[in-house]
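Using the hints provided, position chain S relative to the given structure of chain Z.
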Amino acid sequence: MSSGGAAIEVEGIGKRFRRYRERPTSLKERLIRFRVASDEFWALQGVSVEVAEGQTLGLLGPNGSGKTTLLKIIAGILRPTQGRVTTRGRIAALLALGAGFHAELTGRENIYLNASILGLSRQEIDRRFDDIVAFAELEDFVDSQVKFYSSGMYVRLGFAVAVHVDPAILLVDEVLAVGDIAFQRKCLDRVQAFQREGRTIVVVTHAPDLVHRVCDRAIVLEHGRIKAAGEPTEVVREFRLLMAKKDLAYGWDQGTKEIEIVAADLFGADGSSREWFAPGEELTIQMELKAHTVVENPVVSFAIHDQQNRFVYGTNTDWRSVFFPRFEGKQRVQFTLRTLPFVEGRYYVTLGIHSRDSTRVYHVQEQHYSFVMVRGEENPGLVFIPVDCRAERL
Amino acid sequence: MKGLELASVTEIAVRTSEPPRLHVRQRLRELWASRQILANLVRKEIKVKYKSSVLGAAWSMLNPVLYLAVFSLVFSIFLQAKTPHFPVYLLSGLLAWNLFATSLGLATRSVVDNANLVTKVYFPREILPLASVGAAGVDFLLQALVLLGFMAGTRFFHFGANLLLLPLAMLALVVFTSAMGLWVAALNVRYRDTQHLLGLALLTWFWLTPVIYPSGFVFQRFADNHLLGIPMFDLYLANPMAGVIAGFHRALYAVVRPDAGADPVLLPVSVPWLAVLLAAVTVGSIVLLFLAWRTFFRLSGDFAEEL
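Chains as they are written, first to last, in my numbering: chain Z, 1 to 394; chain S, 1001 to 1307.
One thing to keep in mind: the hints can contain errors.
[Stated by the list, open to error] EDC-like cross-link-like pairs, simulated, lysine to aspartate or glutamate; straight-line CA separation at most 16 Å:
{"hint": "1", "chain 1": "Z", "residue 1": "Lys290", "chain 2": "Z", "residue 2": "Glu260"}
{"hint": "2", "chain 1": "S", "residue 1": "Lys1049", "chain 2": "Z", "residue 2": "Glu104"}
{"hint": "3", "chain 1": "S", "residue 1": "Lys1044", "chain 2": "Z", "residue 2": "Glu296"}
{"hint": "4", "chain 1": "Z", "residue 1": "Lys290", "chain 2": "Z", "residue 2": "Glu258"}
{"hint": "5", "chain 1": "Z", "residue 1": "Lys257", "chain 2": "Z", "residue 2": "Asp216"}
{"hint": "6", "chain 1": "S", "residue 1": "Lys1047", "chain 2": "Z", "residue 2": "Glu104"}
{"hint": "7", "chain 1": "Z", "residue 1": "Lys257", "chain 2": "Z", "residue 2": "Glu328"}
{"hint": "8", "chain 1": "S", "residue 1": "Lys1049", "chain 2": "S", "residue 2": "Asp1113"}
{"hint": "9", "chain 1": "Z", "residue 1": "Lys257", "chain 2": "Z", "residue 2": "Glu296"}
{"hint": "10", "chain 1": "S", "residue 1": "Lys1051", "chain 2": "Z", "residue 2": "Asp140"}
{"hint": "11", "chain 1": "S", "residue 1": "Lys1047", "chain 2": "Z", "residue 2": "Asp143"}
{"hint": "12", "chain 1": "S", "residue 1": "Lys1051", "chain 2": "Z", "residue 2": "Asp143"}
[What the hints assert, rightly or not] Estimated spans, in silico, between C-beta atoms of each pair:
{"hint": "13", "chain 1": "S", "residue 1": "Ala1115", "chain 2": "Z", "residue 2": "Ser273", "range": "40 to 48 Å"}
{"hint": "14", "chain 1": "Z", "residue 1": "Asn63", "chain 2": "S", "residue 2": "Leu1235", "range": "23 to 31 Å"}
{"hint": "15", "chain 1": "Z", "residue 1": "Asp216", "chain 2": "S", "residue 2": "Leu1022", "range": "32 to 40 Å"}
{"hint": "16", "chain 1": "Z", "residue 1": "Ser358", "chain 2": "S", "residue 2": "Ala1115", "range": "33 to 41 Å"}
{"hint": "17", "chain 1": "S", "residue 1": "Asp1193", "chain 2": "Z", "residue 2": "Gly314", "range": "32 to 40 Å"}
{"hint": "18", "chain 1": "Z", "residue 1": "Glu260", "chain 2": "S", "residue 2": "Leu1022", "range": "24 to 32 Å"}
Honestly, the hints are just simulated from the structure, not real lab data. For every residue, glycine included, the Cβ atom is placed at its ideal position computed from N, Cα and C.
The following block holds chain Z by itself, in its conformation from the complex (with noise of 0.2 Å):
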């Protein structure tokens, strides 16, 4: 640490919310009412942490668990109700991409305004007009009104310019997870550029691949609470617990939708809905899909993670020879696991669809689902194997 002090300073602090029944939004009840019932709840308590200059740190946690509301107290948007912050540095806070952009004016104007409000200076932002329209690809729309972008177009402007600013401590909530698998890729890419400038970086996500990828440290709150703290592999490992102690699903939901994933199941050889199997069984994905576009060669995919987040398993429709040349309207798509090899634990599903060349994302849901593996005393050990067993009399 050096001699300054920390790059950020979290030290004891609560946030406690007040949630109104019957708030007076108006002079007028206000005037004829004087007490107003209302409950609170804390958001964040006694929640310490520092991160040193030049480090990279992940919050973790089930939504709800108070994580955005800390990244905000950090960039002053909101106040503690205890405790206090400090910071050293220039802050910049990317907890939602393009915001400020306004639909009626063009690309040129909306970069304009919204670097200047994320504390470029107009030189500054004139040196890196340029490279802020190359990073969003955008060169043949810059003097077109953001209206008539499209979601993607409007999501890479937006990040471009966040990762353009020159911060000491930058603070993302969740914003890395844009846009197809190129993109995400260039974002990465300016995050570890930062890491290795050596600025302080605060990531807020419900990835826990992506703190094992960037994070030195991360933390997990619970009910405002920190619930872990330390080496990422280890922090990962307690949210995993937690994650499967709760029984939720989590991660992202993403991509373009050209074809969404409109529902999703997993099956037993019965034909029923479970979420509990023990090994050697049968065990059927079945997603239904809908297009809403045609879409020329999607392949659809499924991955599973074990509770260490290792991949497990995966394939897609294109390695099964299963093709899609025109797909259009609904569809369902089954995997059929034949043998569950797994004996123990918790495993988590993630179902996607995309280009045959994965560039393009039309939807993925990542570990949204997941099963438990039991296994009987008859099963001992870390794989299952198929065992016919056989005797006969001499």
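This is chain S only, laid out in the frame that chain Z set:
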């Protein structure tokens, strides 16, 4: 990008549970550092207003032209009012009033309408109502062109000490408008009907201010009247906008008594007297601005939560 640049910037921010206290000089420095956000927000307001409209900036000029037509018709013809060069009288006051009313209208909604910014990005929140004043200021300049055109067309110019009142009146107007703007913006975050109340308040206020009728008549009418021992006309001038508008009138319309025998159109007071009045309004407005700013600043810590 240069990583080294970072080391030199040591902006230390400490945030606690205390409601933020306004340290004027420090905050002014912060606002100065964020001046480009202000410029960009003003530009946005203007561009958004005129994009996708055929007439563009002409819309702003249409407002005074229309007022001019309607009020000239009503006052000069229906009511037979005898105010020479009525258009110049009307416009010189109306412009100032429009700056005030448009600013407040925009400022009330400024924080609420920019909720997506306020809840997602940190920047000095004062910039939002101030940008409203800025956007109304651009309208003001466009409308001033109409007035100048009219004055040039009718060769109605008075150069003299009266013009010295213009910068004074302008200063008083901008400071007072900013103070009110900060105040209504903060109030509207909490109580959303502020914007409706404001409409009513502005309507009343408009008629209590000598924009359309000559202030000289009011002076004449109130000359000997007292309310609770206070001269009625002093009460009338307690309205800061009355002083501001009187200043604009004197600076641009200039002639107190165009018809020798008739009632005065403007306040029959000297230019220095008006200068003192405007200075008093300015000083009062600075105090008001400080109070409004302090309130705004204290409440702004919780804006993100209220939206």
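Check: If you check the beta carbons of Glu260 (chain Z) and Leu1022 (chain S), does the distance land in 24 to 32 Å?
Finding: violated, 51 Å
Next item on the list: Mind checking the hinted window 32 to 40 Å against the Cβ distance between Asp216 (chain Z) and Leu1022 (chain S)?
Entry: At roughly 38 Å between Cβ atoms, Leu1022 (chain S) and Asp216 (chain Z) fall inside 32 to 40 Å, so the hint holds.
Notebook entry, point to check: Do the Cβ positions of Ser358 (chain Z) and Ala1115 (chain S) conform to the proposed distance bound of 33 to 41 Å?
Noted result: Holds, since Ser358 (chain Z) and Ala1115 (chain S) (Cβ atoms, about 37 Å apart) stay within the stated range.
Notebook entry, point to check: Has the given pair, Lys257 (chain Z) with Glu328 (chain Z), been kept, meaning a C-alpha gap of at most 16 Å?
Noted result: holds, 13 Å
Note to self: Would the hint linking Lys290 (chain Z) and Glu260 (chain Z) be met if the CA-CA limit is 16 Å?
What the structure shows: Roughly 5 Å separates the two Cα atoms, so the pair holds.
Check: Do the Cβ positions of Ala1115 (chain S) and Ser273 (chain Z) conform to the proposed distance bound of 40 to 48 Å?
Finding: The hinted range 40 to 48 Å holds for Ala1115 (chain S) and Ser273 (chain Z), with Cβ atoms some 41 Å apart.
Item checked: Proposed proximity, Asp1113 (chain S) with Lys1049 (chain S) (alpha carbon, max 16 Å) -> holds, 14 Å
Check: Is the straight-line distance between the alpha-carbon of Lys1047 (chain S) and that of Glu104 (chain Z) 16 Å or less?
Finding: holds, 8 Å
Next item on the list: Could you grab the alpha-carbon distance between Lys257 (chain Z) and Asp216 (chain Z) and see if it respects the 16 Å cut-off?
Entry: violated, 34 Å
Check: Does the Cβ distance between Asn63 (chain Z) and Leu1235 (chain S) fall inside 23 to 31 Å?
Finding: violated, 59 Å
Notebook entry, point to check: Has the given pair, Lys1051 (chain S) with Asp140 (chain Z), been kept, meaning a C-alpha gap of at most 16 Å?
Noted result: Roughly 21 Å between the alpha carbons, so the hint for Lys1051 (chain S) and Asp140 (chain Z) is violated.
Notebook entry, point to check: Straight-line Cα separation of Lys1049 (chain S) and Glu104 (chain Z) no greater than 16 Å?
Noted result: Distance of about 9 Å is within 16 Å: holds.
Checked against the numbered hints given earlier, this structure breaks hints 3, 5, 10, 14, 17 and 18; the rest are met.
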